[in-house]
Amino acid sequence: MLRSEEFRSLTIKKPKEKKTKTLRHYLKLSEFRLQWSMVAVLAIILAVFTIKNPRVFLGFRIYYSFMSIIPFMAILALALTPVIICKEIDLSFPSILGFSAWMFASLSASTGNPTLALVISLITGLLAGLLNGILVVKVGVPSLIITIGTMFFWRGMIMVCSGGVGKTLVPVKGTVLFQSLVGRIGGVVPAQALWAVGLAFLFWLVLNRHKFGAHIFFTGDNIESARMMGIPVNRVKMLVFAQLGFFAAFAGILVSLEALYHWPTTGQGFLLPTIASVFLGGTSPFGGMGTIFGTFIGAIIIGALEAGIISVGLMGFWTQVFYGLIIVISVGIHTILRKRA
Amino acid sequence: MKKRLMIVATLVLCLGLAFAATGYGLEKLGKGVKIYFFNGGPPGCPFAGVVYNGAKQAEYDLGADVTYVWSDWNVAKMIADFKDAMAANPDGIAIMGHPGDDAFELLVDQAIAKGIIVTSQNTTLPRIEDKYTAVGFGYVGQELYASGLMLARHTARLLGLGDGDRALVYGLLSQPTRGLRSKGCIDGLEEAGVTVDYIEISDAVNTDPLLGAPVVAGYIAANPDVKLIITDHGGLTGTLEMYFKTAGVKPGEIMGAGFDLSAASVEAIRNGYTAAVHDQQPYLQGYLPIVQIVLTKKYGFAGLHINTGSGVVDASNVEPVAALAEQGIR
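These protein sequences, in sequence, are chains W and V. Mind the numbering: the first sequence is residues -13 to 327 in this note's numbering, read in order. Mind the numbering: the second sequence is residues 3 to 332 in this note's numbering, read in order.
Be careful, since some hints might not be right.
Derived list of chain W stretches under chain V, where covered just means 3 residues or more per stretch with a C-beta under 8 Å from a C-beta of chain V [as the list claims (entries may be wrong)]: (1) 41 to 51; (2) 141 to 152; (3) 282 to 293.
The set of hints was computed from the structure by calculation and includes no laboratory data. Ideal placement from N, C-alpha and C gives every residue a C-beta, glycine not left out.
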């Protein structure tokens, strides 16, 4: 039997080996199919909306709104994707988002230094995510269960610390930090949209062009095989949870700066749309499979749906009916296209 | 020196006796009274937080023993929470009326049969109130339909809206009694000749108002002639300025209006994005139901019906209440 180091050198460091080549080939083919089927679904949805209301969807205003709000969900979905590829789940990220955002708002007000507040908040998010990872890996509690616990814990901490009262961020407006995080580039492009695109590229690089990305896929695909191949699966899992905490904190800071106010409930509404974005983007709930591109397009679809439905004139109680219906149809079309590709 | 010390000691003793005599025979009225209090929303909700602040102050002032229940504005959870509260057999339960008479009547019947005092706040339960006023079932809150009507009429008058103008009501018509406020808004605007569109607030937006931004932007893009957007929700009203900015609307182009003051809605009034906010004084909706239960328990007083929603805040009168809104009292 091969020792783990020898196995790793055969499978990862030497990509020309037949076994690795087959796996990568399979992953690339799946990725290609996923990506194009997602683009097709988005194109169909946008085409329907544009035909129904060309004035809205051929104008800039609606896309400006999408660029202002969708990036928050997109950043969360991007960071959640590696966790799900690893065959884990995290339900606590909206609470980590809220707590880190409270810390940012609170420290900005008390120190008058938003940059320091940003750094401390990001570290808080990172540590909160890492705590999830440690509890999952070292204690062995299933991630679904433990992150329900930490979800309530961090939400409770927000209430305890804030006393249930919101905090204004108006004094931060006009600072360099504000402009660089949520300012309007050239007066038209929200900075958060550029952050989301940049982070999507970074995630794509890590998942597809870095050894750590391969480790994530192997860990999610078959943890025992990955372990035998010498992949430090425990460290991989802890890192994916930690990065989700970090980016949840980052998204929370962006959300609070965009609204210039921190509500103690900030983040609570992001849980289901974010998870929906990841699954709609083709990431497998069984682990080992998923794409950053798919998640990114999934976030755009989920974020644009309700506004699209309303702008084509379906109002009142019909909105939710069509929202659910379009998600079901999208997943159906996506699955069919992927199979045919 | 000794003489002086004696004089000082005598004075201190006299003062002590005077204070003791003032409080002689009196104790905190609510001492030993166990109450379950429904805040309505989730912990941290801007509105429910102010209700909680009022109840907490009453708990302190009266010395009652209060357990707080947070129901996420979810009517099914309110019913489940009521059953839990009843099982604990307290002296009194103060409920939010959102689930409506039909859902609550049988449960309130059972609670009162067990000797538990029940009263209500924020949303009326007219049938149950009629039935049990004599045993302490009161109501503290706005008259929902009237509040909606008041805000719509006030805002239409303020902005000079009339025939041919368009407005959006973004509300919660689907909730049995709570929806009456959205209905009041719609009727008040239609009465002025305004064409009204309606969008129901989704669960996600109900929990995290920020997520409503693309909805409002989509509506504005499809209906650029809209003059007024009324949000029937405290959190959404506090987010109106952000909605308009996201949709690329300048101050005054389209005006917002809504319910429940907060620091954010005060700022939006100052910045010219929000025309008017109905203030239903949620602090009182926390404070007075505790007083009601304690008084009924101690002296058997009947239920009081108190209307707390009688004012609209706009640019002309926002400053005096701004500081209190920031403290979570108004």
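Hints, one by one, checked against the model:
1. Counting residues of the segment 41 to 51 of chain W whose C-beta lies closer than 8 Å to any C-beta of chain V gives 7; at least three are required, and the coverage claim holds.
2. Under a criterion of three residues with beta carbons nearer than 8 Å to beta carbons of chain V, the stated coverage of the segment 141 to 152 of chain W is upheld, 9 such residues being counted.
3. Judged by the Cβ-Cβ criterion of 8 Å, the segment 282 to 293 of chain W is covered by chain V as claimed, because 4 of its residues qualify and three suffice.
Hint compliance for this structure: no hint is broken.
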